[in-house]
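S.K.: Below, each chain spelled out in residue letters.
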Amino acid sequence: GGGGDDTASDGGSDSEGGSDSGLKVGLAYDVGGRGDQSFNDSAAAGLDQAIEEYGIDPQESAAEDGESESAREERLRTFVDAGYDPIIAVGFAYEAAVAKVAEEFPDSHFAIIDSETVEADNVANLVFAEEEGSFLVGAAAALKTETDNVGFVGGVETPLIQKFEAGYIAGAEAVNPDIEVQSTYLTQIPDFSGFADPARGKTAAEGMFDGGADIVYHAAGGSGGGVFEAAAESDNLAIGVDSDQYETADPSVQDVIMTSMLKNIDVAVFEYLTAVNDGEFPSGITRYDLSVDGVGYSTSGGQVDDIADELDEYKQQIIDGEVEVPSAP
Amino acid sequence: MTRVLRALLGLLAPLLALVAAFVITSLVLISAGDPVGEVWSEILQVPETRNVANIVNQACVLYLSGLAVAVAFRMNLFNIGVDGQYRIAAFVGAVVAGEAWLPGYLNTALAIVCAMAVGALWAGIAGVLRATRGVSEVISTIMLNFISTSVVAYLLREAAVREEGSNTIGTKEIPEGSRIGPIPLAAADSGPTAEIYGFVVLAVLAGVAYWFVMSRTRFGFDLRATGQSTTAAVASGINVRRMTIITMMLSGAVAGLVGLPILFGEAYSYGSTFQSGLGFAGIAIALLGRNNPVGIALAALLFAFLEEQSNPLQILVGVSPEIVAITQGVIVLTVVISYEVVRRFLTRREQSRVAKAERPADPAGPADPAPTQDQEARA
Amino acid sequence: MSVVTDPVATAPAPSSRSQRRLRPAYWWILGIVGFIALLSLLERVTGADDLTSAGTVGATLIATMPIMLAALGGLWAERAGVVNIGLEGMMILGTFGAGFFAFTYGPWIGVAGSIALGMVGGLVHALATVVFGVDHIISGVAINIIALGAVQYLAALTFSGVEGGGPTQSPKIGDVPTISFPALGDRLGEVEDNNWFFVSELAAIARALVTNLSVLVLISLALVVLSYVVLWRTAFGLRLRSCGESPAAAESLGVAVMRYKFIAVLISGGLAGLAGGFLAMVASSNYREGQTGGRGYIGLAAMIFGNWRPGGLLAGSGLFGYTETLGLRQGGTSVRALLLLVSLLAIAFAIWQVRRTNFTTAAVVFVIGAAIGAVYLSIDQVPGDFTRMTPYVITLLVLAFASQRLRMPAADGQVYRKGSAG
Amino acid sequence: MTETSSTAPGDPSTPLAVRLRGIGKRFPGVIANDDVNIDVRRGTIHAVVGENGAGKSTLMKILYGVQPPDSGTIEIGGSQVKLSSPADAIKAGVGMVFQHFMLADNLTVLENVVLGAEKQHGIGRKARAEVRRISDAYGLGVDPDALVEDLGVGARQRVEILKVLFRGARTIILDEPTAVLVPQEVDELFGNLRELKKEGLAVLFISHKLDEVLSVADEITVIRRGTTVRTVVPADVTSRQLAELMVGSELPSPGISEKATSTRVQLAVTGLTLHDAAGRALLDDVTFEIRRGEILGIAGVEGNGQAELVEAVMGMRPGATGSIVLTDQDLAPMSTLRRREAGIGYIPEDRHRHGLLLDSPLWENRVLGHQSRPPSASGRLIKRGAARADTQRIIDAYDVRTPGTDVPARALSGGNQQKLIVGREMSGDPILLIAAHPTRGVDVGAQAAIWNHIREARADGLSVLLISADLDELIGLSDRIEVVLRGRLVGEFDPSDVTPEQLGSAMTGAGSAA
Ligand SMILES: Nc1ncnc2c1ncn2[C@@H]1O[C@H](COP(=O)(O)OP(=O)(O)OP(=O)(O)O)[C@@H](O)[C@H]1O
Ligand SMILES: Nc1ncnc2c1ncn2[C@@H]1O[C@H](COP(=O)(O)OP(=O)(O)OP(=O)(O)O)[C@@H](O)[C@H]1O
Ligand SMILES: [Mg+2]
Ligand SMILES: [Mg+2]
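Protein chains in written order, with my numbering: chain A, 19 to 347; chain B, 576 to 954; chain C, 31 to 452; chain D, 33 to 546.
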């Protein structure tokens with residue numbers, strides 16, 4: 019059977035600790051689904067934690083590449099018809115679908131990640147300040163680089179990924195206005211293979227390392243594995259994205275992951291489900307930014323411990339509004 | 576007599592294929608340990624009204640794509656580039672419609688014409704390269720697909736309007752007056768989703784036009800003749816180069832329509848989540864429909880049906896919906912195989928009729944075919 | 031008498047073919063040397079120093095191999111007269127085969143697994159086209175659909191819930207060994223850094239070849255040579271090619287046409303599968319859904335580009351891998367340098383056309399060349415969107431100038447039925 | 033039969049090379065062969081004649097293992113054999129040269145020859161030497177490293193024979209080998225055959241040209257409707273008797289041709305010149321006129337510019353210069369279609385490549401080339417009903433044997449396909465007919481019918497440009513003959529007082545122009 023089923027029910031049966039809340043939660047992933055080692059996985063982690071603690075009854079389904087709008091809508095409707103409530107849509111691709119289906123089913127509840135444009139009483143918008151987290155790892159890169167040259171590899175050139183790029187560049191330039199930041203994207207819309215092509219990711223990163231960079235940050239989903247490999251092979255460093263990739267990466271490349279930009283979708287999903295479990299259905303925008311630790315950077319591996327103070331200072335400045343982080347390059 | 580037989584066999588072939596696809600898919604499911612019965616009962620259940628609407632809508636889009644491929648196929652040109660053509664055409668159509676230089680439906684008409692023109696020009700590049708430089712249209716359209724991705728991505732970023740806080744970008748929305756209104760499928764209580772694109776009407780018209788041009792006009796005759804034999808076409812006075820360019824452009828113009836039902840009936844703008852990959856589906860559908868307008872329609876409906884019905888598989892049965900891709904592919908393959916079997920049968924009949932006509936005094940008397948001896952049956 | 035006919039319809043002039051056959055054997059070497067010299071000149075003029083760096087060469091090798099293997103797969107099938115547009119699907123099967131078998135049993139079994147799964151695709155294609163006489167394009171398209179669906183389905187079945195894996199990707203898989211001569215590499219690196227005209231470029235290439243060179247790259251290159259030897263220097267190859275040139279003639283001489291076609295398509299599938307395996311194991315280190323990214327189609331294009339010859343398809347896929355690599359690495363500067371090259375070549379071509387009194391062609395080409403030159407002068411960096419088009423545009427350009435000399439096997443794509451001899 | 037062979041033909045004591053007994057072969061609805069009995073003796077040339085579709089090729093394919101017989105036995109060299117593939121036949125010492133050449137154009141002569149027989153001498157140097165040796169021994173003059181594509185028909189034929197000899201065949205089948213050859217080439221071929229005969233080989237030989245058959249064969253077997261009618265010796269029969277044996281009834285005498293030539297010039301070609309890509313002249317300053325009601329025959333060895341001449345007049349060759357005037361219209365700037373509309377009918381040399389859409393029904397083939405004219409079209413539309421009706425008219429008038437107008441052209445035999453083409457090109461009352469090999473591969477009955485149609489139309493004022501490799505046809509039909517050599521017109525002959533031999537020597541450049 020489809021993977022979502024197996025893993026989800028595994029999680030369910032493990033849930034000794036939680037009281038059986040009887041909640042039926044539907045999770046509609048973006049392309050890639052659970053196991054993409056990227057942001058879908060992050061959402062899945064939040065769900066798993068909720069399963070553990072509240073013993074909810076989950077169901078998952080992933081989008082297919084290039085699918086039609088109606089397929090996304092139908093996915094949500096199928097959840098509704100099958101009695102799932104709430105339904106969490108992972109990714110901005112569901113923006114239009116959630117808007118439409120939420121209107122059709124005012125009694126059901128929805129959450130959408132990465133979109134704040136859907137306005138409805140039964141929709142919660144869980145959004146992130148990716149640029150702020152990226153700012154911090156950009157600053158970290160600038161502090162750590164020995165060549166004053168760092169890189170950014172984006173998977174697919176979308177406004178979302180451009181936010182990562184913009185924050186990263188701003189952070190690097192905040193530390194060193196003269197720093198050179200090389201930046202590239204692997205593919206463009208609608209070719210989303212840039213999130214799944216480690217070979218290209220590796221080539222792009224190698225180009226940056228050969229071009230003088232010694233740290234490369236990726237926001238390229240599955241292609242990021244190639245970036246890590248390129249760093250490992252050339253004795254340089256890389257920065258992970260979304261989750262703490264030091265934890266999940268293969269041991270052979272673990273050491274090159276200096277830090278990761280954390281986008282705590284798991285936290286967002288878990289917090290949302292906690293609220294639901296408590297009987298309230300949040301709606302409207304919840305912004306996960308630095309001030310609530312919705313984004314940040316990871317410290318496992320200890321490679322950024324020596325600059326933690328400087329980074330925390332930047333963090334405070336951003337929270338205080340002293341530093342404005344751009345969200346578009 | 577033969578016509579009736581032909582029609583019967585024509586129906587038999589796809590049926591055979593469906594059965595074969597059913598069996599093969601079931602075997603895959605069984606060997607993977609998935610619940611075969613549940614999968615089929617989910618897929619084969621009667622769709623609800625809103626699903627019917629989705630199926631028709633999706634089929635409309637696939638139909639146009641299949642038609643675009645078929646136009647070129649009829650001339651033995653293989654337009655793999657419908658994907659790129661519809662993408663760039665839908666983008667231009669969206670920009671034009673979004674700018675709303677003209678009021679109401681004039682704007683719509685202008686956008687449609689622009690989209691078709693852009694599709695035609697983009698495909699025309701491949702046509703010109705083929706006609707004047709002998710470049711295989713297979714390669715050039717593959718290359719043009721990739722190029723159009725970059726071009727559209729670049730232009731989209733230039734032209735995009737981006738809502739504050741949104742992670743998607745898109746062209747300006749088409750004003751209400753220029754949208755193509757939906758056709759409600761059933762009583763209002765089935766909800767707003769049970770509507771089909773108004774564009775379906777245009778798709779049907781496109782199909783009729785295709786049929787008429789191909790089978791009733793001199794242009795269609797020239798096109799088909801060139802497709803069958805370039806050399807005979809040249810000898811009969813057809814300008815093959817011109818036909819190549821025109822046919823590619825025509826194919827591209829139809830490809831230009833592919834994205835428009837979505838654009839005018841649902842999305843109202845071209846953006847990051849616009850449906851992709853329709854051109855490749857069109858190839859399979861044109862092949863499945865044997866370049867025949869009705870066949871293409873049936874193929875498109877079948878594909879759309881399978882897509883729609885498989886969508887909830889993961890949620891309700893726990894089986895990955897990709898299983899229907901196997902079904903679709905197997906159908907394409909088995910349909911052709913069963914047509915081939917039927918064709919051989921008919922050819923053999925034809926042969927024997929001709930032979931009887933050629934030698935009326937044949938001592939064999941009435942035909943007594945001995946199929947076991949037949950060359951082709953052994954092959 | 032200005033009526034034009036399709037180039038396909040007019041018989042090719044025999045003399046041009048005879049001339050081509052007389053081309054000396056060292057033509058290739060001369061061409062490569064000339065190309066390197068041209069690039070190193072270009073580097074000096076434009077300052078785009080990534081054009082021939084060891085990194086570029088190494089990445090080019092990696093980017094080239096999957097395309098080349100797919101193209102080689104196409105070559106085998108088409109030389110036997112079967113068009114294989116299903117290369118993409120067989121390649122997809124190969125990526126999964128590598129992912130699954132390498133994960134379960136280790137890298138070499140992974141290689142074997144990718145080949146085996148590719149061959150399964152080849153088997154379906156062979157059954158459909160050779161045995162059932164299905165149109166080759168239809169079968170290929172169907173295989174692409176089936177392969178994609180099957181692999182997605184299988185991956186969801188096998189990798190879900192596995193540590194590090196998921197429905198769309200396998201866990202990290204081991205790689206076949208690589209060969210390195212660090213000492214030699216360092217020496218060559220020094221030469222490269224000295225920036226001597228031509229010598230440094232050669233050193234860069236040599237360095238790429240002695241640094242982290244995957245055994246699979248060597249095997250792939252050996253397969254090209256092997257394919258040439260088998261197809262053009264053995265009786266088996268002659269028979270196989272005769273099935274693509276004139277199956278009726280072959281059958282009339284006792285060649286088991288169906289068997290050769292069948293074998294050829296199987297080998298074709300195996301090579302395409304290996305292309306996928308290479309992608310999963312060497313170019314990256316796991317199976318990922320959508321990993322092939324249309325490289326099977328590109329392989330097909332490279333094969334046509336290479337005139338259905340092993341050397342030619344190597345050049346075609348190399349050009350592709352090279353331009354793609356340039357675009358991905360320091361695309362802005364490198365591709366700008368290429369603009370200068372294209373512009374100058376176009377102008378040279380225009381001048382040559384003037385001498386052959388083709389004034390319209392000359393004018394058109396000259397204007398294009400001049401326009402490209404103007405673009406070159408007016409920008410410092412080519413924007414990212416356009417660097418990514420480079421391989422495709424270059425391929426189109428080269429074909430537009432060279433494709434009339436291409437010649438496919440005479441019976442390519444035709445369905446052959448047994449007993450058609452006579 | 034001047035030379036002496038080691039064994040006397042017809043001598044029953046000569047050992048048999050091939051003995052066919054009771055061979056039967058059915059195709060769906062057709063009996064291609066039925067109780068065929070033939071004895072072929074060693075050291076003889078044995079001809080097989082019969083109408084189109086009589087079953088000759090089928091029989092030969094059976095003997096060569098391409099198709100299995102349904103019944104009957106085959107003995108080769110005295111022992112019974114079962115041939116289930118050409119490989120078996122080759123092993124048994126049988127070789128075959130097919131009606132349509134079985135050569136791969138893109139391979140070299142050597143590759144074509146060794147294909148399938150690589151075990152004997154490999155595919156390299158040894159094989160090349162062997163090919164040279166055989167070529168020299170039989171005077172075939174074949175270059176092993178030439179590309180087959182670059183060879184003319186005669187040379188291709190010799191390659192085919194070489195293929196057979198290379199495999200050490202003792203029995204050689206030649207299916208209509210002379211259809212595409214000019215007299216000199218035919219003589220060369222016959223010389224080669226006699227050479228083979230002297231070596232003790234047996235030759236089976238099919239031809240529609242009965243005079244040839246009578247001159248070269250030692251024995252002749254006539255096949256009618258799949259059955260052997262009789263085996264005769266050339267000395268005992270005339271070609272007319274042979275023909276009557278073939279059709280099973282008396283042959284109608286061909287109508288006497290009366291000249292209908294007027295003085296009005298219908299077609300005037302002046303200074304027509306065409307070069308190939310390498311700058312070689314394919315047509316060199318060709319100038320001629322055809323008057324109303326006149327048939328101008330063009331004689332020439334294949335490949336001397338006939339095909340180019342026809343295509344240039346039809347407007348299918350870009351780059352041709354010179355003037356072409358039809359009645360008063362200058363054709364030069366016109367497209368092929370406009371030329372057809374101006375009144376040119378065109379019977380192409382290769383009916384499969386240029387004349388037909390093989391997979392389209394007959395009525396669509398009727399439209400081909402007439403898609404802009406009534407009755408098949410009006411304006412931009414095709415009139416299907418009218419086209420069908422007119423196809424039926426052609427079927428009736430030209431005796432095309434077919435069950436209807438909706439069968440695909442591929443289903444018709446060559447002769448019937450040709451009749452359909454002739455009928456189509458004659459409709460719409462053309463003023464000029466360009467006929468390239470109008471009766472190639474067509475049996476005697478159909479041949480006579482086609483000739484009659486051309487003659488009748490000429491009487492009504494049709495001008496004809498006739499290209500043919502069949503010199504008897506050329507002499508019998510033409511009012512005037514021009515000889516073409518290397519793209520130039522080198523001499524004009526009056527058919528009433530020229531012999532094929534004279535023509536032949538002019539065609540090869542040996543004779544001087546009259
Ligand atoms: N493969 C086949 N399938 C069906 N019918 C066939 C096949 N081959 C031959 N025939 C039929 O068998 C008959 C004999 O054909 P064959 O080719 O032997 O004639 P032929 O004597 O060689 O004629 P021709 O003089 O035109 O070459 C024809 O009427 C044809 O319809
Ligand atoms: N493989 C085949 N399958 C079916 N029918 C065939 C086949 N081969 C030959 N025929 C039939 O045999 C008949 C004669 O074929 P053949 O090729 O001998 O024609 P032909 O009269 O010799 O014409 P041509 O001289 O143009 O070759 C035709 O009716 C054709 O349809
Ligand atoms: Mg015959
Ligand atoms: Mg014949």
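Hint data in this document are derived by calculation from the structure and do not stem from the laboratory. For each residue, glycine too, the CB sits at the ideal point set by N, CA and C. A hint or two may mislead.
[What the hints assert, rightly or not] Cβ pair distances, simulated, as ranges:
1) C/R437 to B/T707: 16 to 22 Å
2) B/L580 to C/R289: 56 to 62 Å
3) B/V594 to C/Y135: 33 to 39 Å
4) D/A169 to C/R289: 55 to 61 Å
5) B/V594 to A/G101: 32 to 38 Å
6) C/F65 to B/L587: 55 to 61 Å
[Stated by the list, open to error] Chain B is faced by these chain C residues, among others (derived, beta-carbon under 10 Å):
7) V171
8) N388
9) L429
S.K.: Next step is simple, just say for each hint if it's right about the structure.
M.R.: We went through each hint and held it up to the structure:
1. C/R437 to B/T707: 16 to 22 Å: holds (18 Å)
2. B/L580 to C/R289: 56 to 62 Å: violated (35 Å)
3. B/V594 to C/Y135: 33 to 39 Å: holds (38 Å)
4. D/A169 to C/R289: 55 to 61 Å: With Cβ atoms ~34 Å apart, the hint is violated.
5. B/V594 to A/G101: 32 to 38 Å: Since B/V594 and A/G101 have Cβ atoms about 35 Å apart, the given range 32 to 38 Å holds.
6. C/F65 to B/L587: 55 to 61 Å: Between C/F65 and B/L587, where Cβ atoms are some 58 Å apart, the hint holds.
7. V171: Holds. Min distance 5 Å.
8. N388: Where the cut-off is 10 Å and the nearest Cβ of chain B is about 12 Å from C/N388, the hint is violated.
9. L429: holds (5 Å)
Hint check: violations occur at hints 2, 4, 8; the rest are consistent with the structure.
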